[in-house]
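For chain A, the structure is supplied; the task is to place chain B on it using the hints.
Number of protein chains: 2
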Amino acid sequence: MSKNRIKIVEKILNANDRLAKANRQKFDDAGVYTINLMASPGAGKTSLIIKTIEGLIADGVQIGVIEGDTAPVTIDSDKINAAGMPAVQINTGGECHLDAVMLETAIDQMDLTPLDLVIVENVGNLICPAAFELGTHSKVVVASIPEGDDKPYKYPNIYRGLDVLIINKTDLLPYIDFDMDYFRQGVEMLNPGLTTFTVSCKTGEGLDGWLEWLKARISK
Amino acid sequence: MSKNRIKIVEKILNANDRLAKANRQKFDDAGVYTINLMASPGAGKTSLIIKTIEGLIADGVQIGVIEGDTAPVTIDSDKINAAGMPAVQINTGGECHLDAVMLETAIDQMDLTPLDLVIVENVGNLICPAAFELGTHSKVVVASIPEGDDKPYKYPNIYRGLDVLIINKTDLLPYIDFDMDYFRQGVEMLNPGLTTFTVSCKTGEGLDGWLEWLKARISK
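First to last, the protein sequences are chains A and B. One point on numbering: in the working numbering, the residue at position 95 of the first sequence is 95, and numbering is uninterrupted. One point on numbering: in the working numbering, the residue at position 6 of the second sequence is 6, and numbering is uninterrupted.
Just so you know, these hints were derived from the structure itself, not from any lab. Hints should not be assumed to be uniformly reliable.
Claimed, not checked - Dumping the calculated SDA-like pairs for lysine to any residue here, alpha-carbon to alpha-carbon at most 20 Å:
{"#": "1", "chain 1": "A", "residue 1": "Lys154", "chain 2": "B", "residue 2": "Lys79"}
{"#": "2", "chain 1": "B", "residue 1": "Lys202", "chain 2": "B", "residue 2": "Ile75"}
{"#": "3", "chain 1": "B", "residue 1": "Lys154", "chain 2": "A", "residue 2": "Gly94"}
{"#": "4", "chain 1": "A", "residue 1": "Lys202", "chain 2": "B", "residue 2": "Ile176"}
{"#": "5", "chain 1": "B", "residue 1": "Lys215", "chain 2": "B", "residue 2": "Glu205"}
{"#": "6", "chain 1": "A", "residue 1": "Lys154", "chain 2": "B", "residue 2": "Glu95"}
{"#": "7", "chain 1": "B", "residue 1": "Lys79", "chain 2": "A", "residue 2": "Gly94"}
{"#": "8", "chain 1": "A", "residue 1": "Lys79", "chain 2": "B", "residue 2": "Tyr182"}
{"#": "9", "chain 1": "A", "residue 1": "Lys202", "chain 2": "B", "residue 2": "Glu205"}
{"#": "10", "chain 1": "B", "residue 1": "Lys154", "chain 2": "A", "residue 2": "Lys154"}
Owing to the predicted nature of the structure, the values given are computational and were not obtained by experimental measurement.
For reference, chain A alone in the conformation it holds in the complex (with noise of 0.2 Å):
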């Protein structure tokens, strides 16, 4: 039975990244740039989208988000219309993580004509969405200061396939013990080179870094 098992997970894998490139070939015909924006809970996926949104409104840049949640509630699509820009939802029914079918549901849902960038908000998760492509040009994940400075070593696939870290509340290091240089070594094992962005959403310290990376995808 347990053969079997495996099976039916590597097909369900297979379907998953056929679809996967089907998003994304959506994705490209619309001429949008697309990230799967992962983290554990509360670490601030939904403030960095809002702070995104912020960013760059000025500069004409049209944002769709995809909010994936475990439960039927709407707290973060609602603060992303709040703050002027579609949202769609998936409820993945207790699902701990979105894959590429959820994801191509979505997608049918929303018109990508007029949008620049489609952020899709992942389920608050270290483990479960880092072994879903969703055909997304570009993973993120959002690390937080409070959740500590092992989290590279004890969550590391996660870490291991991403494009770019963004370390959020740095506003709380006063308060916190969190070793960076521990925390930024953990990761460097993992990915070496990477992409990190260190801010805060609630200051919006160092969030220009973030915005420029973003606009340099966009225009190409």
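Just chain B, lined up with the frame of chain A:
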């Protein structure tokens, strides 16, 4: 294929529940009280365990710890050993939760005879661990102030089957927008009258209530 997959998953869940019962029997036979400790990454599970060991050691309470990790690192087990108590590590090999089979393996490596309390530190994840019974006497979740006050609304499943909630990192309340009433309303909706302790594992504030709750269970 999808139907087969569901059947197989159901069989696995049934097998898990049977094994959880067997685990519980082993704990009961040894006269050990056991806890399944769950939280998202960095909420303070290990810190709570260390504070619990420090708080009960003077009463002669013997505590064993089973550490669930997705990666083969001994960071948490080393901390438990340094606090003077035995730890057995389960490396889930990338899996996002503990199950009853993994716990069975760990129990067999642990001498339960001298122990009064076994704390099972689950993998850092607010979603998947909620679906797998381990056979412990109670389930405890550590929530963390910096994770934000909307977590019960977004991750309801883990709050539903819970026996005790620990709200940790109250020392950070002055620096974070966290509406305690909103958070507690969300919990109350899912799990009315849930036993809750508001603590700081950093300053030690509020831990007395938790230790008293535990002592009452151990003496039973």
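So, going through the hints one by one against the coordinates:
no., hint, verdict
1, A:Lys154 with B:Lys79, "holds (14 Å)"
2, B:Lys202 with B:Ile75, "holds (18 Å)"
3, B:Lys154 with A:Gly94, "holds (10 Å)"
4, A:Lys202 with B:Ile176, "holds (9 Å)"
5, B:Lys215 with B:Glu205, "holds (18 Å)"
6, A:Lys154 with B:Glu95, "holds (12 Å)"
7, B:Lys79 with A:Gly94, "violated (33 Å)"
8, A:Lys79 with B:Tyr182, "holds (17 Å)"
9, A:Lys202 with B:Glu205, "violated (27 Å)"
10, B:Lys154 with A:Lys154, "violated (24 Å)"
The earlier numbered hints that this structure contradicts are 7, 9, 10.
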